[in-house]
Amino acid sequence: MLILLFINLLPLGVMLSVSLKGEGSVLRSLADLIPKQITFAHYAEVLSSGRFARYFLNSTIVAIAVVAGNLIFAPMAAYALLRSDSKVTRIFLVLVIATMMVPKHIMMIPLFTMLYRMHLIDTYFALVLPFLVDAFNVFFVYQYLKTIPHEIEEAAFMDGASLANAFFRVVYPVLKPALAVVATNTFLINWNSFLLPFVLTSSDKVRTLPVGLAIFSQGEHSTDWSLLMAGSILAAVPTIVIWIRSQKIAQSMLASR
Amino acid sequence: MIPRRSLLLFFLPWLVSFAVFSAYPIGFSLGLSFADYNPFGGGITRWVGLENYRAIFADSLFWRSFTNTIVFVVGTVLPTAGISLILAVLINRSGRLLGCLRGGYFIPSVVSLAAVSLIFKYIYSKQGFLNAIVTMMGGTARDWLLSPKLALPSIIAMDIWASIGYYAIFYLAGLQTIPQELYEAARMDGAGRLAIFRFITLPSLKPVIVFVVVVNTIRAFQVFVEVVIMTRGGPMGSTMTLIYYMYEKAFHRINMGAASAVAVVVFALIAGFALLQVRLLRQVRSAV
Amino acid sequence: MKRLATFLIAVCVFSCSSKRQGIVFWQFQRPDIMETLIDDFSKSHGIDVKMETLTWQSGFEKVVMAFSSGRIPDLLELGSTWIGKFAAEGMLEDLSDAVSDIKPHLMMWELATYKGRIYGIPWLVGSRVLFYNRDLFKRAGLDPLHPPQTWDDLIKCARAIDALGEDIYGFGLNAGERYILYKKFMPFAWSAGGRILNHDQSRCVINSPENLEALKFYVSLKPFSVLDRQDMIDEMFKQGRVGMMISGGWNLKRLPVDAPQLDFGIALVPRHKKGAHVSFAGAEILVIPKGSKKAQALELAKYLVEASKALEVAKKVKGVQPASMDALKHAYYKDHPMERLLLEQCMISRSPPASPHWIEIEEIINDRLEECLYGKISPSEALSKMESEINEIIAP
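Listed in order, the protein sequences are those of chains A, B and C.
Residues in the first sequence are numbered consecutively from 865, following this note's numbering.
Residues in the second sequence are numbered consecutively from -17, following this note's numbering.
Residues in the third sequence are numbered consecutively from 2, following this note's numbering.
Be a bit skeptical, because a hint or two may be false.
What the hints assert, rightly or not - Simulated DEER-style distance windows between Cβ atoms:
id, chain 1, residue 1, chain 2, residue 2, range
1, C, 262, A, 915, 31 to 37 Å
2, C, 262, B, 53, 42 to 48 Å
3, C, 40, A, 913, 16 to 22 Å
4, A, 870, B, 53, 58 to 64 Å
5, B, 53, C, 330, 55 to 61 Å
6, A, 1021, C, 72, 32 to 38 Å
7, B, 115, C, 303, 52 to 58 Å
8, C, 396, B, 13, 42 to 48 Å
9, C, 95, A, 917, 43 to 49 Å
10, B, 262, A, 1018, 51 to 57 Å
11, B, 33, C, 291, 24 to 30 Å
As the list claims (entries may be wrong) - Taking beta-carbon pairs under 10 Å as the criterion, some of the chain B residues facing chain A (in silico):
id, residue
12, -11
13, 35
14, 37
15, 98
16, 104
17, 187
18, 232
19, 241
As the list claims (entries may be wrong) - Stretch-level coverage of chain B by chain C, calculated; a stretch enters the list once three of its residues show a Cβ under 8 Å from a Cβ in chain C:
id, region
20, 14 to 23
21, 105 to 111
22, 114 to 120
23, 212 to 221
Hints listed in this document are in silico derivations from the structure and should not be mistaken for laboratory results.
Just so it is clear, CB atoms sit at the ideal spot from N, CA and C, and this is done for glycine as well.
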């Protein structure tokens, strides 16, 4: 187990090492992995720059909005898919799965054109609205719901509860482990996404972290490795925090069951 | 029992989002695959029927990309699904102390794939750390990403590394729904670890396994970032994948019609594969 | 839902009412390098400029998408290989008559020219030169002050340095990536007197004795060379493992920072015994898309290409030099001999023909060249394949 973990973390060690290297330290061999002189200058460069603070804020706003949307809308759709078994909803399920299968890059041009016509380019809306209900999350919660006996909300309906009431009071709490995954996963994908946010933004006002990092660390032919790695590591911190939090929520929920 | 009409309302947010942000772009691309499209004015200039499809099917690089993509999917999906399942079971079993290890396994998936790919370019390079380790163990150093034979397997290995932690979290969520009583009852009956895994864990996890395999297949068919950053399809087209091929057609050759045709082919491929997998997994279940 | 709708309408109204008054400029350089220049321009010329920065990785995709949806900037920085395509599509303003005043001051106009008309203004230029490691030269018994001048010198030095040890290579040959390989081979072909297309660009003439001589020579470097991607060759040069490489000015930025102890020099690209020190040139061209505010955009373009302004950018970017030939007189080039050499190399460099099919032609040259370097096909096979495949595209 521990050996596996070591192998698993080695490439990250390389990243960390590169991000901490002082000037003039080229990686030549394995031994160079341990930096002779450690500098936090690259981290300072990212953290002290007002621009990066702004990118961080933008990424946070967008990610929170997208995660919130998915936490509410995806389980609703998944629940409806599972419980209303009709021809129409079976088509819906096929559509959900089909959406996941369409290569995203081909949709960029029509998406860009549409958002441009809506005057949403370079606004948070362009980065949030198209991603509010990810088919991937609908499908995951749908699969997860299958493992949960559907008697749990029957009692609520017998007591005359409305659908929204039964769903959010009774079903939603049981979904917590899945919701933790939805939150982590959505955050992760959104937080690291580069191409669409790059295309859909044009100013520092809404530009997100990966886009900012690319602009500042990558020249036409050369890369500022240290800056890029320091930035990437800093960018990974919030995701790790979110993941640990969501795991705790899921576990405490299990303990109380 | 369930108020059906209000259930339809539950679909609404997804339906609106789907109609606006998915259906329209998808339909648009489908249309383009039968047309000549000039992004620099005029838009769709001519309907060409199946001409775009004929053109890509006649291109040997397309078939190269096709084969590479299938190899990538087969090479990455099953190992990832298997290893991440074992990982999840091990992590789930380990006590509080080892609980923090989870973080360690998950971290590789947290770092952006672009940064990971850049680092692996380093690791795989001639004087990189992989060769350092290989020679330390008495092997011979290799040009991992420069050899037409090794480049694709190297990318596959990196992909597995970067995604096992990610898929393990889906399994972990699934494992947490299996009632402890089931395990206790089985242990009382004297079932061994393997038997428990086979007769309790596996069947209960089936929907999650389906999910992981299907989702990973979909993702693997669309492999792109690794290729752009590590090899750009080289050496000699040995890491050319369908989506990268499509991307080059769209944004390098500026041939949107051909790119859309590739997209339709990829979609059909994914759909076919996913269907096959669901069927297969269904049979596995009835065999268990 | 209602609230969302109001919100959307509010956003629309907001973005319509805040419609820009000045011009929009899209460029690829780091924004912190450009901002003061742009501010100064706005103040002195009374024209507001909204600058958008594109990334080198995916900037071009954004340009394509923006053009397809009609979101077009007033002034755009475009890599020279794209001029043919954009001009052929009729996307660019013809500037032939508007640039006569600055024409004598700038170089590489041919990169901005398509079918005899000028479609852009050269802003920044870049070329490749020979980088060589002086320490390795000394260790191999070569004169560190006399870098190779001709092909014969080059291979002699490569052989001597390569003999120094298992993990030391004489030369760096590019392989394993698209878009780059041909840039490294063509200087040899040009120096030998070879061409890709004939004079009126109607046929491919790459399968010539001159090109064959160049390709045979290029491949003969392989036993003394490391085959790798450009960034890895740059990296190995930094580590002191590669004796010589043909690379770009961007190394002048990273080398002193990453490897301050490395003693290296640069020189013009070695030449054919009867030819010149030709290298590969590229340029960043400022173009004005049709339907934009031409007069103001032209004012900004002419401002940016001035020697002192372009030099400001070049100093910070390091990989490029001003297209303005007046810059050479600037004190900066007296104190910076390496940058001076880069600029001089630009003046004797060539670049690919501005053909609307260039992207396809480039791919073909690249792919066959790679097969040849990997030993799958012979140099003569490679050239004859290139010629027939390229002719299929331009003269079917």
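Going down the list of hints, with the structure as the test:
1. 262/C - 915/A: 31 to 37 Å: holds, 33 Å
2. 262/C - 53/B: 42 to 48 Å: Because 44 Å falls inside the window, the suggested range holds.
3. 40/C - 913/A: 16 to 22 Å: At roughly 18 Å between Cβ atoms, residue 913/A and residue 40/C fall inside 16 to 22 Å, so the hint holds.
4. 870/A - 53/B: 58 to 64 Å: violated, 29 Å
5. 53/B - 330/C: 55 to 61 Å: holds, 58 Å
6. 1021/A - 72/C: 32 to 38 Å: Violated - the Cβ-Cβ distance for residue 1021/A and residue 72/C, about 51 Å, lies outside 32 to 38 Å.
7. 115/B - 303/C: 52 to 58 Å: Since the Cβ atoms of residue 115/B and residue 303/C sit about 56 Å apart, the hinted range of 52 to 58 Å holds.
8. 396/C - 13/B: 42 to 48 Å: violated, 33 Å
9. 95/C - 917/A: 43 to 49 Å: holds, 45 Å
10. 262/B - 1018/A: 51 to 57 Å: Violated: the Cβ-Cβ distance is about 34 Å, outside 51 to 57 Å.
11. 33/B - 291/C: 24 to 30 Å: holds, 29 Å
12. -11: It holds, given that the least Cβ distance between residue -11/B and chain A is near 5 Å, below 10 Å.
13. 35: This hint is violated: residue 35/B lies away from chain A, its Cβ roughly 15 Å from the closest one there, beyond 10 Å.
14. 37: At 16 Å from the nearest chain A Cβ, residue 37/B fails the 10 Å test, so the hint is violated.
15. 98: holds, 7 Å
16. 104: Cβ of residue 104/B sits 7 Å from chain A, so the hint holds.
17. 187: With a closest approach of 9 Å, the residue 187/B hint holds.
18. 232: Because about 7 Å separates residue 232/B from the closest Cβ in chain A, which is inside the 10 Å limit, the hint holds.
19. 241: Because about 6 Å separates residue 241/B from the closest Cβ in chain A, which is inside the 10 Å limit, the hint holds.
20. 14 to 23: holds (count 4)
21. 105 to 111: holds (count 3)
22. 114 to 120: It is violated, with 0 qualifying residues against the three required.
23. 212 to 221: holds (count 7)
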